[in-house]
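Q: These protein sequence lines map, in sequence, to chains X and S.
Numbering follows this note's numbering, in which position 9 of the first sequence is assigned residue number 9; successive positions increment by one, without gaps.
Numbering follows this note's numbering, in which position 83 of the second sequence is assigned residue number 233; successive positions increment by one, without gaps.
Do not rely on the hints blindly, as some may be mistaken.
With the C-beta cut set under 7 Å, the calculated list includes, among others, these residues of chain X facing chain S [claimed, not checked]:
1) Gly-48
2) Phe-49
3) Lys-50
4) Asn-71
5) Pro-96
6) His-99
7) Ala-102
8) Pro-105
9) Met-106
10) Ala-108
11) Leu-109
12) Tyr-111
13) Val-116
14) Leu-136
15) Ser-139
16) Ala-140
Calculated from the structure, these hints are not laboratory results.
Note that the coordinates shown come from a computational prediction; the quantities given were computed from them, not determined experimentally.
Note that the Cβ used here is the ideal one computed from N, Cα and C, for glycine as well.
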Amino acid sequence: MNRRAFLRTTGVALGALALAGVPARAQGLEGEDLANLEKALQATLGKGFKDLTPSNLIKLTMPAIAESGANVPAEVEVGLPSDQVKAIHLFADKNPTPHLVAFMPMKALPYYATRVRLAETSAIRAVVETTDGKLLLASASTRVTVGGCG
Amino acid sequence: MPIRTIVRLTPAKPKAGETFKLQVVAQHPNEPGTRKDAEGKIIPANYINLVEIYFEGEKVAEARPGPSTSANPLYGFMFKAEKAGTFTVKLKDLSGDTGEGATKLELA
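Start from the sequences and build out the full structure, keeping to the hints where you can.
A: And the structure:
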């Protein structure tokens, strides 16, 4: 095989690998713990994970990697009018207390920013309760080097 | 002991109709109740569990943070600038301590 043919075939192979890698990562989030999350969802909302509808109206911004789990910035923005949003909740799957915050926008815009503690690498969920009773979900995942709860 | 509370607007003087952020920083250890001290005893939980925002005396937003909030926490909110007035932020923690901070909204 000459150099040009080698480059062409490896290039194609790498491209295929990159394409195959994307859906694999989208299926299971790193640090997912649905059993722990389910308990917190039931306690907070009286609903389970299957009642949540993934929605691209919610923009959840989390860092991909956090050096320290003690201080991780989290930001959530909802693309709905304020009067349609009853509450915004944040959950971290792997935390001893997964429910991070409940925010009632009232007259504010449906936006909330905070800094949270993460016990370990975890999936983060933003759950939006709408006034017509829907539950919308957005997920992100943050890799934590040093935990912030212990 | 009162909780030291700092309130800031970005941009400081929004135009009418413009959205702006209201950021609150509190000086608080926010103990989650899972950490241990040097002797291995669990430090009791004491975190801010209520954040209320008032504009000209009317409640405009409320957040109920859980134990998993960082020390010296930040709370960020977004509003639309309509008229000038005073924002008051009231905080409360598990031990019953409260904090209050205020800032004036002036329109550019």
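Q: Please name the hints from earlier in the document that this structure breaks, with their numbers sorted from lowest to highest.
A: Going through the list in order, the structure violates hints 1, 2, 3, 14, 15, 16 and respects the others.
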